[in-house]
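Could you put the whole structure together from the sequences, leaning on the hints where they help?
Letter by letter, the chains look like this.
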Amino acid sequence: MMHAITQLAYIIATALFIFALHWMNTPATARKGVYAGVAGMTIAVLVTWIQPTVIHHLWIILPILAGFAVGIPLAMVPLTAVPQRTALSHAFGGLAAGLVGTAKYYLWYAEGPENLTAFRMVAIITEIILGYLTFTGSLMAAGKLQEVKWVPQRPVTYPGQNLINLALLLIAVGLGVALTLHPTAPWAPQLFPVVIVIALVFGVLLIIPIGGADMPTVIAILNAYAGLAAVAMGFVLDNKLLITAGALDGSSGLILAIIMCKAMNRSFTNVLFGAFGQVQQIKAGGEEKVYKPETPEGAAQVLEQASLVVIVPGYGMAVAQAQHKVRELYDQLKKRGITVKFAIHPVAGRMPGHMNVLLAEADIPYTDLVEMDEVNPDMPQCDVCLVVGANDVVNPAARYEKTSPIYGMPIIDADRARTIFAIKRSKNPGFAGIDNELYFSEKTWMLFGDAKGVIGELVKQLAGESGH
Amino acid sequence: MITAFLVQAGAEPIAAGAHAAPAVDFWGLLFVFVLASFIGLGVIRRVSRLLHTPLMSITNAISAIAVVGSIIVAGGDYPLPIRIFGAVALFASMTNIVSGFLITDRMLKMFKTDTRRPEGGPS
Numbered sequence: 000m001m002h003a004i005t006q007l008a009y010i011i012a013t014a015l016f017i018f019a020l021h022w023m024n025t026p027a028t029a030r031k032g033v034y035a036g037v038a039g040m041t042i043a044v045l046v047t048w049i050q051p052t053v054i055h056h057l058w059i060i061l062p063i064l065a066g067f068a069v070g071i072p073l074a075m076v077p078l079t080a081v082p083q084r085t086a087l088s089h090a091f092g093g094l095a096a097g098l099v100g101t102a103k104y105y106l107w108y109a110e111g112p113e114n115l116t117a118f119r120m121v122a123i124i125t126e127i128i129l130g131y132l133t134f135t136g137s138l139m140a141a142g143k144l145q146e147v148k149w150v151p152q153r154p155v156t157y158p159g160q161n162l163i164n165l166a167l168l169l170i171a172v173g174l175g176v177a178l179t180l181h182p183t184a185p186w187a188p189q190l191f192p193v194v195i196v197i198a199l200v201f202g203v204l205l206i207i208p209i210g211g212a213d214m215p216t217v218i219a220i221l222n223a224y225a226g227l228a229a230v231a232m233g234f235v236l237d238n239k240l241l242i243t244a245g246a247l248d249g250s251s252g253l254i255l256a257i258i259m260c261k262a263m264n265r266s267f268t269n270v271l272f273g274a275f276g277q278v279q280q281i282k283a284g285g286e287e288k289v290y291k292p293e294t295p296e297g298a299a300q301v302l303e304q305a306s307l308v309v310i311v312p313g314y315g316m317a318v319a320q321a322q323h324k325v326r327e328l329y330d331q332l333k334k335r336g337i338t339v340k341f342a343i344h345p346v347a348g349r350m351p352g353h354m355n356v357l358l359a360e361a362d363i364p365y366t367d368l369v370e371m372d373e374v375n376p377d378m379p380q381c382d383v384c385l386v387v388g389a390n391d392v393v394n395p396a397a398r399y400e401k402t403s404p405i406y407g408m409p410i411i412d413a414d415r416a417r418t419i420f421a422i423k424r425s426k427n428p429g430f431a432g433i434d435n436e437l438y439f440s441e442k443t444w445m446l447f448g449d450a451k452g453v454i455g456e457l458v459k460q461l462a463g464e465s466g467h
Numbered sequence: 000m001i002t003a004f005l006v007q008a009g010a011e012p013i014a015a016g017a018h019a020a021p022a023v024d025f026w027g028l029l030f031v032f033v034l035a036s037f038i039g040l041g042v043i044r045r046v047s048r049l050l051h052t053p054l055m056s057i058t059n060a061i062s063a064i065a066v067v068g069s070i071i072v073a074g075g076d077y078p079l080p081i082r083i084f085g086a087v088a089l090f091a092s093m094t095n096i097v098s099g100f101l102i103t104d105r106m107l108k109m110f111k112t113d114t115r116r117p118e119g120g121p122s
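These protein sequences, in sequence, are chains R and D.
Read in numbering that gives the first Met the number 0, the first sequence has 203 at position 204, and its numbers run on one by one without any break.
Read in numbering that gives the first Met the number 0, the second sequence has 76 at position 77, and its numbers run on one by one without any break.
Calculated directly from the structure, the hints in this document are not laboratory data.
A virtual CB, placed ideally from N, CA and C, is assigned to each residue, including glycine.
Be aware that one or more of the hints could be misleading.
[Unchecked claim] Going by beta-carbon spacing under 8 Å, a handful of chain R positions derived as facing chain D:
id : residue
1  : Gly36
2  : Trp186
3  : Ala229
Here is the structure:
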């Protein structure tokens with residue numbers, strides 16, 4: 000009877016999770032998806048809790064309360080900090096999987112060797128390797144995103160790096176095979192923690208060579224790993240709900256990672272082992288290129304005459320917290336009957352969809368947020384393209400400069416607009432360390448300064464003039 | 000030394016009946032995994048690109064289904080060290096569930112079609 004109730008509850012929870020993701024296909028139904036997810040999770044927790052084998056209730060209540068105590072503040076972080084929060088939660092997911100796998104191994108080891116079948120050992124080894132490497136890898140990613148002091152922001156590379164990483168992984172897998180063949184050998188319980196340590200170290204080494212521009216892909220890959228670790232736990236515990244929910248998470252991470260890779264014209268292996276941001280050499284010599292600076296007054300006058308303005312936001316907008324000022328600019332332009340669109344590159348920002356969330360926070364209707372493929376055909380009709388803290392995603396060098404590390408990456412055709420204004424904090428090159436051809440085009444005018452300050456100036460100019 | 004601790008702890012007498020050899024339907028589980036992955040790929044592919052950040056936070060919360068395994072380990076009649084592992088895993092999963100769903104909802108609330116449209120402006 001209990002078995003039937005449990006299985007039925009798990010089937011309902013699975014269905015609710017699928018609906019939760021299905022409803023995410025449009026913002027109109029997305030919140031319903033959250034409720035479905037919460038319902039599914041509540042059912043799963045309660046039904047597991049009432050299992051007759053679960054007897055230490057205080058051991059469940061206390062961690063749940065602690066989870067609420069930490070989880071609620073974590074959900075209140077500013078939206079610019081969402082990438083690091085996401086990375087942190089991947090770390091928690093990996094940790095949970097690793098710990099349960101470890102506990103199960105020692106439990107079965109003590110209960111009797113017949114419990115440690117080859118199938119279970121393969122599942123446990125997969126679970127702990129994926130779990131622990133996701134744990135430290137995601138912690139590193141979160142540290143990089145949060146710009147924690149002792150975590151290097153720039154990619155860290157050294158000779159033979161990929162070889163060392165590969166060797167470590169092979170050792171971990173080799174030890175895993177040994178454990179699977181002899182799960183009850185006297186040395187097995189001592190060897191098991193070695194695999195854990197290697198997985199922990201591997202997670203760190205995997206992430207240190209990765210730069211900020213690759214973070215969206217890496218976060219998506221870690222998301223897939225966290226999901227797959229849950230799947231492995233499902234195989235360990237013979238639990239189909241874990242497998243289905245983990246598979247949903249895994250496929251989500253996979254699809255997002257593929258979208259991010261396509262948007263950069265790079266492969267998985269290239270992202271993980273390529274150490275972006277280090278490859279290109281600074282081109283010395285050649286003609287000295289000059290920027291044409293413009294004042295906010297001048298830019299405001301040009302903006303006023305436009306009928307179509309396309310704004311290209313990038314990570315710089317998030318750093319400067321400029322999204323609310325952008326909203327004011329949007330209001331000013333709309334008031335004049337100017338069409339304003341936001342062109343969103345898939346890898347703009349530090350995680351998939353980052354820009355959309357920031358602009359939505361600033362109350363910009365999502366109907367004006369347009370994808371790259373949709374906006375590009377309109378770019379020749381665009382009177383003013385305003386680049387706010389974006390760099391590589393509008394660099395025309397991606398089209399023809401074969402030596403550039405971003406060669407082949409699809410870009411927003413900002414250079415095809417009639418006039419381009421680019422807001423830039425300093426004259427230094429962007430995160431990828433590449434000079435941006437766009438800034439030297441004869442149609443481009445630079446607005447130097449903090450994005451928030453510059454847009455504030457633009458708004459003031461536009462508001463001042465409309466007052467007369 | 001933690002290893003020795005775990006092995007020793009695990010060696011305490013345990014409930015009778017636990018020694019039955021496990022009969023796990025490996026192929027059934029694999030079947031479920033493959034089918035669930037295909038459903039996942041089909042459903043996720045159609046998620047609006049606008050919502051990729053909330054998608055990631057909601058799948059975070061859903062993959063915290065590891066909570067199920069954690070409860071079984073933390074609340075079972077197992078030696079103390081095993082239960083500590085379970086309790087920490089339960090804490091980690093619960094944190095993901097709570098923060099994942101809350102922040103997803105918080106972000107989704109912000110997605111609006113056309114709010115404060117400026118007065119007098121053409122639509």
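Each hint, compared with the structure:
1. A hinted interface residue such as glycine 36 of chain R counts as satisfied when its beta carbon comes closer than 8 Å to some beta carbon of chain D; here the least separation is about 6 Å, so the hint holds.
2. Interface restraint check: tryptophan 186 of chain R against chain D, minimum CB-CB distance 10 Å, threshold 8 Å, status violated.
3. Of the supplied interface hints, the one on alanine 229 of chain R holds, with its beta-carbon coming within about 5 Å of a beta-carbon of chain D, less than 8 Å.
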